[in-house]
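A.B. asks: Chain by chain, the residues:
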Amino acid sequence: MEIFISIFQQLCFAALLTASGVLIGKRVKAISRNIKLGKAENRSGNGPERLKKMLLLAFGQKKMFDRPFVGLMHFTIYIGFVLINIEVLEILLDGITGQHRLFSPLLGDFYPVLIGFFELLALGVVVACIVFLVRRKSGLVPRFQKPEMRGWPSLDANIILIWEILLMGALYTMNGTDAVLQTRAESSEYIASHYPQTGPFLISGLLVPLFENLSTGLLIGLERFAWWIHIAGILAFAVYITYSKHLHIALAFPNTYFSDLKPKGQLENMESVTKEVKIMLGMENGTENPEQVDEEVATFGAKDVTDLSWKNIMDAYSCTECGRCTSVCPANITGKKLSPRKIMMDVRDRAEELGKYKDEHGAEAHDGKGVYVDYTSKEELMACTTCNACVEACPIHINPLDIILQQRRYIAMEESDTPASWNAMFSNIENNQAPWAFPATDRFKWAEELKQQKS
Amino acid sequence: MDNNTINIPTMAELAAKDEQPEILFWVGCAGSFDDRYKRVTLAFVKILNAAKISFAVLGPEESCTGDPAKRAGNEFLFQMQAVQNIETLNAYNVKKIVTACPHCFNIIKNEYPALGGNYKVLHHSTYLQELIDQGKIKIQDGGEFKGKKITFHDSCYLGRANDIYEAPRKVLESLDADLVEMKNCKKNGLCCGAGGAQMFKDAEKGNKEINIKRTEEALATGAKVVASACPFCMTMMSDGVKNKEREQDVKVLDLAELVAIGNKL
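Residue numbers (the working numbering), protein chains in the order written: chain A, 330 to 784; chain B, 37 to 301.
Because the hints were derived from the structure by calculation, they are not lab data.
Hints may be right or wrong, so weigh each one.
Covered by chain B, per the in silico footprint, the following chain A stretches (three or more residues, Cβ under 8 Å) [what the hints assert, rightly or not]:
#, stretch
1, 588-595
2, 603-613
3, 659-672
4, 708-721
5, 738-748
6, 760-770
If you anchor each label on the Cβ, the simulated ranges turn out as follows [claimed, not checked]:
#, chain 1, residue 1, chain 2, residue 2, range
7, A, Lys368, B, Lys241, 32 to 38 Å
8, B, Lys174, A, Glu708, 50 to 56 Å
9, A, Gly437, B, Asp199, 51 to 57 Å
10, B, Lys131, A, Gln474, 50 to 56 Å
11, B, Thr124, A, Ile353, 56 to 62 Å
12, A, Gly691, B, Lys131, 53 to 59 Å
Sample of chain A residues at the chain B side, in silico, Cβ under 8 Å [as the list claims (entries may be wrong)]:
#, residue
13, Asn598
14, Met599
15, Gly630
16, Leu734
17, Trp751
18, Met754
19, Phe773
20, Trp775
21, Leu779
22, Lys780
C-beta: ideal position from N, C-alpha, C; glycine also.
Isolated chain A (complex conformation):
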């Protein structure tokens, strides 16, 4: 009988594993297609420098520690996540092979020490998740209460934190009941073989009084239930994050690797414009490269995700909506509508929408909408001072400024819809070679004034 239950469990497990694998695979494909909706941009080369950046920022979480307390909490969850996965590996192998605590005989006396260490980490994770929930719920951290966080984004964050707490709860229940079952090896051969002696566990050992009066059958039921909740919870979580802001746990790595190595102040020149400028100034006659004449004229600036670069879209999928960018944005903290975090959320949401549309209507189809103005408004884009505070603040080098400026280019060059005072500034530069309405001939007057003062 027990052997059938065991085989049934193995089959269920294999089915669960396959199903989550298929779902994750589908989402990975969709997300990578959506990232590729963006234009090509070369971010290769400088391998060692990029690797260093990735190791420091993603692996080492250097920038998270700009705010030390939260940095430490986050690091605890991160280390917990990475290391507890070693135990998850055991659980996965157990699930496939129908064994239990496969690593225990291999590691001997070290096994309970290792599990104890994991349990300690798990405690850290629980504490950090509770602190994070309190921070989000208490209203003490203004950036979590901004308009763009209403509804799904807030719910998403809460789901993840509560989910993590439940997973850790399952881990403790699983180990706690297991510890009690280990003391009942005499009651049946199944228990003796299935719950090998490992010695007590550090934290779930404290739960033993809760379980020790339960019947063996109930204990096995509880242990199995917790085991399944734990592993199914992890697999479901892995699927869930592909739909969630939590995707940063994977994308932080490539996103920091491919991040910009230029000085932050450097904004790429548009090559398509250079050509036209040189023709206008008579520096090139425009027919030197006749093969290029037929080239499709691209949009100036960005209206939709397809006008942005793939890296802009990867930035958007990597964003975990922490809002450090928004909390330092001079426009946002003085009550303007602009929020760099929302700029990223808009790009991601629009990439998702366009991706779905293409799934239904074909790869070439386009619904005619755009990030601008269906998601991001002109008012938001116009409020940016290009100060780079958002870029500096992002722990994983997301660049909202680049996206804002590309959309400004669309407004200025495709729509000629910049504010009247900017248009006046433009014509001053054209006519007077200065952004103010002073005659160009007065440019050098300051020198005369100085000489007069002195004489």
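With the hints as your guide, set chain B onto chain A.
C.D. replies: Coordinates of chain B only, in the frame set by chain A:
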């Protein structure tokens, strides 16, 4: 040194004499036209003269770098300006440029090279620090700022944009001033509100002006001098101090002015 001889050669004058100055002083539009920032230009010229630096300006041949146009999204206008400026600069075979404007500095240093303009570009804070380090300008006895509380407002285009945080502070230290930092400084410095072409339009609807917020941070330090290194920051911080009715006891001064005053130039 003779403080009364002011020498402001232009590239054209030097070229006529077949001379090549060591540096080109890029004055910038604010430095040429804005009454307040013209005083910074004058201060910097006095320093260059006093330190006997071989320099020249473009004078009437200088033109807007195109920065406000580019940051406002008008890439055409930016490149028109840039390409013409590069033609002028290359015609004079300019190698090294010093400017007192972080926006001019950033754009010439970072965005002109791809259009054919390759120069060694220095912001005047870095250049002043070099002159002090080389002993070409000496602050006698700390000058009048000795022991005075000075706070430095980081310009975004100097700081975060180009990682220049120390040079301006070293210049202030040379004045023997008591440098006090604002709550948000260096890489966390708060913008004055004028970058990204905001100087040339009204702010969007909000609950406060950015320069007022920054001025409050500056005043909270108790400093009597707010040092800046950018024409836009200068305007915004001065307006902020006026708004707070503190212009009688708090001065907003550029690094070049501080060095010039400290040197009794």
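A.B. asks: A separate judgement is required for each hint: does it hold in the structure or not?
C.D. replies: Here is what the structure says about each hint:
no.	hint	in the structure
1	588-595	holds (count 5)
2	603-613	holds (count 7)
3	659-672	holds (count 8)
4	708-721	holds (count 11)
5	738-748	holds (count 7)
6	760-770	holds (count 7)
7	A:Lys368 x B:Lys241: 32 to 38 Å	holds (33 Å)
8	B:Lys174 x A:Glu708: 50 to 56 Å	holds (52 Å)
9	A:Gly437 x B:Asp199: 51 to 57 Å	holds (53 Å)
10	B:Lys131 x A:Gln474: 50 to 56 Å	holds (53 Å)
11	B:Thr124 x A:Ile353: 56 to 62 Å	holds (58 Å)
12	A:Gly691 x B:Lys131: 53 to 59 Å	holds (56 Å)
13	Asn598	holds (5 Å)
14	Met599	holds (5 Å)
15	Gly630	holds (6 Å)
16	Leu734	holds (7 Å)
17	Trp751	holds (5 Å)
18	Met754	holds (4 Å)
19	Phe773	holds (4 Å)
20	Trp775	holds (5 Å)
21	Leu779	holds (5 Å)
22	Lys780	holds (6 Å)
When the structure is compared with the earlier hints, no violation turns up for any of them.
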